[in-house]
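Going down the list, the protein sequences come from chains A and B. Following the UniProt record's numbering, the numbering of the first sequence begins with 1 at its first residue and continues without gaps. Following the UniProt record's numbering, the numbering of the second sequence begins with 1 at its first residue and continues without gaps.
One or more of the hints may lead you astray.
[As the list claims (entries may be wrong)] No farther apart than 30 Å at their CA atoms in a straight line, the calculated lysine-lysine pairs in the DSBU-like style are these: (1) A:K170 <-> A:K114; (2) B:K59 <-> A:K35; (3) A:K455 <-> A:K114; (4) B:K59 <-> A:K68; (5) A:K487 <-> A:K477; (6) A:K278 <-> A:K203; (7) B:K123 <-> B:K162; (8) A:K114 <-> A:K477; (9) A:K69 <-> B:K124; (10) A:K170 <-> A:K141; (11) A:K505 <-> A:K455; (12) B:K124 <-> A:K35; (13) A:K68 <-> A:K170; (14) A:K69 <-> B:K123; (15) A:K487 <-> A:K103; (16) B:K162 <-> A:K69; (17) A:K220 <-> A:K246; (18) B:K162 <-> A:K254; (19) A:K502 <-> A:K487; (20) A:K71 <-> B:K124; (21) A:K68 <-> B:K162; (22) A:K68 <-> B:K124; (23) B:K162 <-> A:K71; (24) B:K123 <-> A:K71.
Source of the hints: derived by calculation from the structure; they are not laboratory data.
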Amino acid sequence: MDLQEAQTAVTRILHDASSQFQRMPGSAIILRYIKSSYQNDPVRSAIELFLFLFAVRYMLAPSYSTQKKVKLSEEEIDELVDDWTPEPLVAPPTSFEEMETEKRAVIVGPTGPKSKLSNGRTVTNLASYNFYNFTSNESLKEKAITTLRTYGVGPCGPPGFYGTQDVHMKTEEDVAAHLGTPACIIYAQSFSTISSVIPSFSKRGDIIVADRAVNFAVRKGIQISRSTVRWYDHGDMEDLENVLKKVTKEQAKKPLTRRFIITEGMFENIGDVSDLPKLVELKLKYKFRLILDETWSYGVLGRTGRGLTEAQNVDASEVDMIIGSLSGPLSAAGGFCAASREVVEHQRISSASYTYSAALPAMLSTTASETIALLQEQPEILTGLRDNIKAMRAQLDPRSDWVRCTSMVDNPILILVLKAEVVASKNLSTQDQNELFQDIVDECLVNNVLITRLKAYPLAQGVHPRDQGWQPQPALKVCVTSGLTKKETEKAGTIIRHAITKVLKARK
Amino acid sequence: MPLDAKDPRRRRSSSLVYTEPPESLEQLSDQSALPNLNAEWVNAKGAWVIHFVLILIGKILFDIMPGVSQETSWTLTNISYTAGSYLMFHYVRGVPFDFNSGAYDNLNMWEQIDNGDQYTPAKKFLMFVPIALFLVSTHYTHYDLTYFVINTMATIAVVIPKLPSAHRIRFSIFSPPPDDA
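The shape of chain A in the complex, shown without the other chains:
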């Protein structure tokens, strides 16, 4: 009885539902759809129904974020804001820095081998990169003034936007012709040349193998490029080869990336030079590109100042990119990248420093062309400087019991570091050495010789000294100039040597 009742109830309910369904608008379409797609296969219909239901569920789901976000209440936000004390943009000067600022010599009037200080004394200036004394060359000055009258001061635009003038193109050709590369591109600032060239070629995922002792500008460039960096010990070609081998092995199964070796021609912080023939051999063997920072060697090394390529008899086109400076010894400003035509053209649109900063003032461009011509026409300018370097070195390196010179023989910047045994016997920390060298600088200034210390690049904010990586050894920096006679250079050298001895003897 129960069963029969239930059965009739179910039949009635189903009948009602079906009549309700048929009364619904569009029900006929749904029925027809189901009928036509049923095709005598319930599994198919089940799959279709499942997909349909899944789609409906997906459409109705509320959106949410996958980013991890910390939810803070108003009070918590206020509390955090109250607690926050901003770190100063520039840290307050340390007592050592304050002392240094206080004692800093200020030059009044034009700089030159003999400079007048604000306290009225005239000193022998061995702290400027005016190696060839081009700053007191009257014909260069006249040419600069003529250019100034014709072109005005600044080009008032980036090179790609009305900033390029005929003089810039001439300077580019001059540098390229001097070095023997197919093309060259001129940047407006020397520092930002290399730090812009590196990121315009090397991107995230690319590989850079660099010398541990590269200068601050190169480090900045590597950092901006976001590339994977491998370091090799300074000047150690065996270590470089091991690193290259390791990288090649690791990358063998991965998609091909760009790979670069980056090093300096003449090291800013040590003064020695790279072994270019070996570098070229390794880069060809392991299929890397070589970016050579010749900021400190261009205009200095080689018979006509072409830099490391000339000094070590390497064809400049073997180096993929040569980055050099037009400031310093060339008495102009800006930097350049000399390379193949393709490499240069790529930078004209994709190198940040070239694209976004105003072009080099025309008079500096002509000055650079003139000084490059001078170096090529009168190699005796370079030999004159080298005689002075030899004279200065003779006074310092083998003669002094306390310091040794890490610079290579033709480097006009003599980097003088304390001998290892001196550091050991007197137990000197980095800070102690810096203070000692500052005392020596002051002592030299008393005797009318202006020299300076090597100022290491600053640590990144918030980096523990332990994680800072390679740091240069504190050093004295003596910049020789051909503006002085050999006698004057020797005399200055003696004064420096005596100052070193005096300060270090006084230190117990």
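Once you've looked at the hints, dock chain B against the given chain A.
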């Protein structure tokens, strides 16, 4: 978080699946340097209409080919749409232009859309299109078993990677996870 700390892409030795680790602070700052133009256009209305236009053009193209039955024509349309969208949204990683210094190099386009948010209107639309296409195609044809399986598989292949639970999941069957050290 250290500036360039990287969670290694760890997986158990037997597993073929790993999860893409979160971005380092440096990558995040590069990602936010510019709006992600590679993924933003999917929210444009024109970008929605183009799906239907392309499907229609594809269908017409396959229809006018001589000797192609309705079943084959629908299957070809379905497969070409799913293959194209799989390639575009799930296979290719990174951004084809140099906007963010390669900070999106490890993410496919589906993961870049709306900054990885789930169930957003654009994602709902993109999920809706292949399912609707499949349902429509089965309705207008009499697929035999082979055709039906091919079409179902093609649809599932683009539905599964779109699931929120598949976010940042990688399969590495033939190669170990990359280590960018």
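Against the structure, the hints come out as follows:
no.: 1; hint: A:K170 <-> A:K114; result: violated (33 Å)
no.: 2; hint: B:K59 <-> A:K35; result: holds (24 Å)
no.: 3; hint: A:K455 <-> A:K114; result: holds (23 Å)
no.: 4; hint: B:K59 <-> A:K68; result: violated (43 Å)
no.: 5; hint: A:K487 <-> A:K477; result: holds (20 Å)
no.: 6; hint: A:K278 <-> A:K203; result: holds (26 Å)
no.: 7; hint: B:K123 <-> B:K162; result: holds (8 Å)
no.: 8; hint: A:K114 <-> A:K477; result: holds (17 Å)
no.: 9; hint: A:K69 <-> B:K124; result: holds (23 Å)
no.: 10; hint: A:K170 <-> A:K141; result: holds (19 Å)
no.: 11; hint: A:K505 <-> A:K455; result: holds (24 Å)
no.: 12; hint: B:K124 <-> A:K35; result: holds (28 Å)
no.: 13; hint: A:K68 <-> A:K170; result: violated (56 Å)
no.: 14; hint: A:K69 <-> B:K123; result: holds (21 Å)
no.: 15; hint: A:K487 <-> A:K103; result: holds (28 Å)
no.: 16; hint: B:K162 <-> A:K69; result: holds (23 Å)
no.: 17; hint: A:K220 <-> A:K246; result: holds (25 Å)
no.: 18; hint: B:K162 <-> A:K254; result: holds (27 Å)
no.: 19; hint: A:K502 <-> A:K487; result: holds (22 Å)
no.: 20; hint: A:K71 <-> B:K124; result: holds (27 Å)
no.: 21; hint: A:K68 <-> B:K162; result: holds (20 Å)
no.: 22; hint: A:K68 <-> B:K124; result: holds (22 Å)
no.: 23; hint: B:K162 <-> A:K71; result: holds (27 Å)
no.: 24; hint: B:K123 <-> A:K71; result: holds (25 Å)
Of the numbered hints listed earlier, those contradicted by the structure are 1, 4, 13.
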